[in-house]
Amino acid sequence: MIEASAAVNGNYNGGADASPDRTMAASPKPPLRKRRRFRVSIVPYLFLAPFLLVFAAFLVAPLVYALYTSVFRDMLVGGRRFVGFANYLRVAVDSDFWGGVSNLLFFGATQVPIMLSLALTLAIVLDRGALHARGLFRLGFFIPYAVPSVVAALVWGYIYGPAFGPFSQLARGLGLPPPDFLSDRTMLFSLANIVTWEFTGYNMVIYYAALKAIPSDLREAAAIDGAGAWQYALFVQLPMLWPAILLTIIFSINGTLQLFNEPYLMRSIAPAVINTHYTPNIYAYFLSAANQQYNYAAAVSFVLGLLIAVIAGAFTWATRRGGGASR
Amino acid sequence: MNDKVGFQGDGFNRRDVLKTAGASLAAAALPSMPAFAQSSVQLTLWSWLPNFRDQVDLFEAAHPNIKVNLVNAGQGGDEYTKLRAALKAGSGLPDVCHLEFQLVRSFEQLKALADIGPSANAHKDEFAAWAWSQVSDGDKVYAMPWDSGPTAVLYRNDVFDKYNLTVPKTWAEFADQAIKLHEAAPDVFLTDATFSDGGWTTSLLWQAGWRPFEVNGAEIRIQVNGDVAKKFAAYWQKLIDAKAIDAKPGFVTEWYTSLDEGRYATWITAGWGPVFLTSFAKKSSGKWRAAPLPQWDATKVASANWGGSTLAALAASQHPKEAAELAVWLTIDPKATELYTTKQFLFPTRKAILESSEFADKPFEFYGGQAVNKVFVESAKAVDPSFQWSPFQDYVNQTMGDKLGAAAAGNGTLAAAFDSLQDTLVQYAQDQGFTVKT
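Protein sequences, first through last, are from chains A and B. Heads up, the first sequence is in numbering that gives the first Met the number 0, so the first residue is 0 and it goes up one at a time. Heads up, the second sequence is in numbering that gives the first Met the number 0, so the first residue is 0 and it goes up one at a time.
Accuracy of the hints is not assured; some may be wrong.
To be verified - In silico SDA-like pairs for lysine to any residue, Cα to Cα no more than 20 Å straight-line:
#	chain 1	residue 1	chain 2	residue 2
1	B	Lys87	A	Asn102
2	B	Lys436	B	Phe212
3	B	Lys110	A	Arg80
4	B	Lys81	A	Ala65
It is worth saying that the hints were derived from the structure and are not from the lab. All of these numbers come straight from a predicted model, not from anything done at the bench.
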């Protein structure tokens with residue numbers, strides 16, 4: 000949808016732009032053209048300036064500082080020492096870091112497909128319109144995203160509670176052993192459940208907006224061609240949604256590898272499972288906050304950022320080839 | 000999150016602190032005001048103690064030329080993170096700050112604390128000996144003792160009666176009672192051993208005679224997995240394996256409910272515990288009692304400390320004399336210190352209050368009329384002053400909680416966790432430039 004409209008705009012605007020330019024080139028007054036060119040080239044940057052300033056001050060500068068920090072080692076005894084890439088070499092063989100990464104890769108591989116399929120299904124059902132109080136459902140699905148994560152952690156902490164949680168009480172009432180949602184083995188699934196609850200609605204809204212933008216004549220054309228609801232969803236809606244799906248996948252990869260809030264908050268009720276290196280971001284946080292290993296924390300953060308860029312990049316590259324060919 | 004212990008150490012409702020947090024953030028955002036007159040000095044004081052303004056007002060009344068800007072920079076770990084950031088930046092530091100006992104050595108290592116010996120040493124004998132030993136090094140004094148947490152046990156009288164349990168005097172008796180209770184009621188536990196909490200575990204090890212660190216300049220001796228630790232690990236491992244005790248984290252909803260509902264029959268706690276318990280265990284009011292901590296050797300009474308804090312003047316202060324005066328005055332003035340125990344319910348470190356019958360003999364409805372402070376005052380007398388903290392104590396607490404907590408939850412054994420803790424700490428100390436002996 001996005002690409003389609005861009006193409007349409009591109010054609011029309013491109014045509015409109017091209018002709019004055021060509022007449023300009025033929026014009027016998029070069030000074031005017033020069034002035035115009037200059038003005039044209041500076042104006043967009045003036046508009047961008049507020050963003051660029053904030054971007055430079057709050058993103059580029061800290062990144063540069065972190066990079067600078069990461070090649071030193073501050074010690075309680077002996078002070079600061081330049082160590083070159085030593086911190087990075089240490090990350091490369093740090094089992095705590097890679098343990099966190101593998102936790103998250105497993106987490107992402109199971110949670111992201113479930114969450115996105117759920118979001119897609121909900122969006123298509125909402126879009127179909129065979130539903131009363133559609134606005135209410137749409138809002139209901141989206142609300143978990145608006146719940147502050149501290150509140151969410153309290154709610155889920157109660158639900159998962161091993162002694163007084165509703166599931167434990169129910170199990171005990173039925174004479175069954177209470178389920179342990181907070182053990183070593185079940186924690187990733189319990190977290191995945193929370194994240195799915197939080198972000199399904201968010202992704203659904205993205206899909207729903209994209210579905211709304213599909214021209215209704217396509218539906219009519221499909222109906223005339225004899226396509227049923229399933230065929231329409233599978234062969235018309237799904238391909239049209241592809242850019243939106245791609246976007247949400249990239250968001251999810253990014254969000255998964257940076258997972259921090261949910262496990263950090265669950266740490267208070269399950270500190271024995273969620274240790275200080277449960278996810279790479281939690282690791283970096285504890286390295287700098289309590290361990291006073293700021294330099295190493297900076298190196299860990301950089302490697303994590305690099306990893307996210309590589310995985311997201313590889314994914315985009317792989318799907319562009321596949322997706323591009325099919326369209 | 001797990002820095003809770005530290006801030007629980009003052010025995011007050013966390014909600015109060017949340018209420019004040021917004022206001023203090025706004026205050027922190029304002030630039031410090033210039034002094035009105037040449038003779039007037041403006042000091043910044045960081046503390047998370049609720050309603051502290053009352054005592055600060057008393058100080059200002061007694062010192063007309065000193066104005067104090069009181070800022071709540073967060074509790075425990077949150078404040079320390081900000082302190083470290085300010086130390087690194089070289090600006091934005093307060094003149095005086097709230098520090099828990101266990102962190103004094105760590106900030107001294109960063110050369111952040113001023114030696115206030117000249118004004119503090121005169122008051123040395125006014126404080127419990129162990130508390131003074133934690134803040135001083137010979138004649139050098141790095142912080143003023145403020146409140147403390149001598150350890151003891153709070154127990155459910157009704158649960159003890161129901162299952163015919165006796166209050167254990169030794170740890171051996173404690174284990175017998177735990178197993179007896181478990182056999183009678185598998186869903187009720189004699190206690191919850193919160194091994195994921197490094198501070199709690201440290202206090203019990205302290206009582207057992209554990210002396211893990213010895214610091215001498217750039218040289219440190221680390222031995223966390225010696226004989227004491229091994230005996231301690233074997234003792235608790237047996238109870239964990241028998242499921243005779245629970246090993247879930249403390250200070251979370253499940254834990255509060257378990258104490259209030261009588262699912263846990265005891266809470267092994269500290270001087271700030273009795274008042275803190277009343278804030279959440281509403282249903283079980285009147286059913287609680289206090290008893291001394293069980294002993295390893297019935298003939299040698301030993302105790303330990305869990306939590307409690309100090310006031311420290313910072314070395315970077317522009318007004319070292321006034322900063323030292325602020326830290327000293329707020330911890331020795333009779334009126335101000337009395338207010339801590341009657342208003343904020345801090346457990347004192349000052350002998351004058353510890354030894355007063357007004358404090359020790361005060362009956363508590365919640366504890367069936369028992370004078371619970373007396374139990375803790377007795378405990379304070381038996382705290383061994385020879386215990387030393389490491390110069391990187393928040394790392395130690397965190398790592399200890401991680402490793403022992405995982406073992407107590409069934410992931411390995413406590414003994415193996417102590418060994419792994421030893422290796423990790425040695426590695427860390429070496430990375431930080433210390434010469435390590437074991």
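Structure-based check of each hint:
no. : hint                  : result
1   : Lys87(B) - Asn102(A)  : violated (33 Å)
2   : Lys436(B) - Phe212(B) : holds (10 Å)
3   : Lys110(B) - Arg80(A)  : holds (18 Å)
4   : Lys81(B) - Ala65(A)   : holds (18 Å)
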